[in-house]
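Visitor: Sequence:
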Amino acid sequence: MLLRRLTSATFLTCTLLSTNYSSNSNIQAQTPFDPVGNYELATRVMGIPEEVTILLQVLQLDGVYIANATSEIAPDLSRRVPVTITGRQLDYQTTTPSGILSITISVNEDDTIQGTWNFGLFLRGNLTGNKLAEETSVLRVTHTRKSNGY
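Offset between the sequence shown (1-based) and this note's numbering: plus 1017.
A portion of the hints provided could be inaccurate.
So the derived label-pair ranges between C-beta atoms look like this [claimed, not checked]:
(1) L1138 x G1080: 33 to 39 Å
(2) Q1110 x Q1131: 24 to 30 Å
(3) G1142 x G1080: 30 to 36 Å
(4) E1151 x P1114: 32 to 38 Å
(5) E1068 x Q1110: 18 to 24 Å
(6) G1137 x E1089: 16 to 22 Å
(7) S1115 x R1061: 26 to 32 Å
(8) S1115 x P1049: 25 to 31 Å
(9) T1048 x G1080: 19 to 25 Å
(10) V1053 x T1112: 31 to 37 Å
(11) G1116 x A1150: 29 to 35 Å
(12) R1061 x S1095: 19 to 25 Å
It is worth saying that the hints were derived from the structure and are not from the lab. The C-beta atom is built at its ideal place from N, Cα and C for all residues, glycine as well.
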């Protein structure tokens, strides 16, 4: 009888240890997320026939993440504001003369993005895009500055 209880207890302990090890190995298998970089986001805006592109640049200064969003259709949008990072989700919010712009994106392991945006009281939509590779980010930012005359 004691041997049977000991065997059951040993089995339960081994099962718990195995479950714990398997849970920890899944956590360690995930690659750490570095939110710093450039993100190219695309959406549709009511009244504009073509897709609108928003570039979101995230930096870290003095331990705080900040972001700057730019778009050809909203030149007054460009300003650096704190961005909230929760896991692989980024929340950006800024006040413009036309209202508050909020962008929330989730970055997948393969750097693809899904998200939403809200502007003012009535404009909103879905976002798709990619976190750009570092080499692409540098080229894209350089190209954008030249095309705007900066």
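Visitor: Each hint needs a verdict: does it hold in this structure or not?
Guide: Hint check:
Distance hint check: the CB atoms of L1138 and G1080 are about 34 Å apart, consistent with the given range 33 to 39 Å. Hint check: Q1110 to Q1131, Cβ distance near 18 Å, so the stated range 24 to 30 Å is violated. For G1142 and G1080, the hinted distance range of 30 to 36 Å is satisfied, since their beta carbons lie about 32 Å from each other. In this structure the supplied range 32 to 38 Å holds for E1151 paired with P1114, their Cβ-Cβ distance being about 33 Å.
Checked against the hint of 18 to 24 Å, the pair E1068 and Q1110 passes, with Cβ atoms roughly 23 Å apart. Taking 16 to 22 Å as the suggested C-beta distance range, the pair G1137 and E1089 conforms, at roughly 19 Å. Evaluation of the 26 to 32 Å hint for S1115 and R1061 yields a failure: the beta carbon distance comes to about 18 Å. Roughly 37 Å separates the CB atoms of S1115 and P1049, a value that falls outside the hinted 25 to 31 Å.
For T1048 and G1080, the Cβ-Cβ distance of about 22 Å falls inside the hinted range of 19 to 25 Å, so the restraint holds. At roughly 24 Å, the beta-carbon separation of V1053 and T1112 lies outside the given 31 to 37 Å, and the hint is violated. The hinted range of 29 to 35 Å is satisfied by G1116 and A1150, whose Cβ atoms lie roughly 33 Å apart. In this structure, R1061 and S1095 meet the distance hint of 19 to 25 Å, their C-beta atoms being roughly 21 Å apart.
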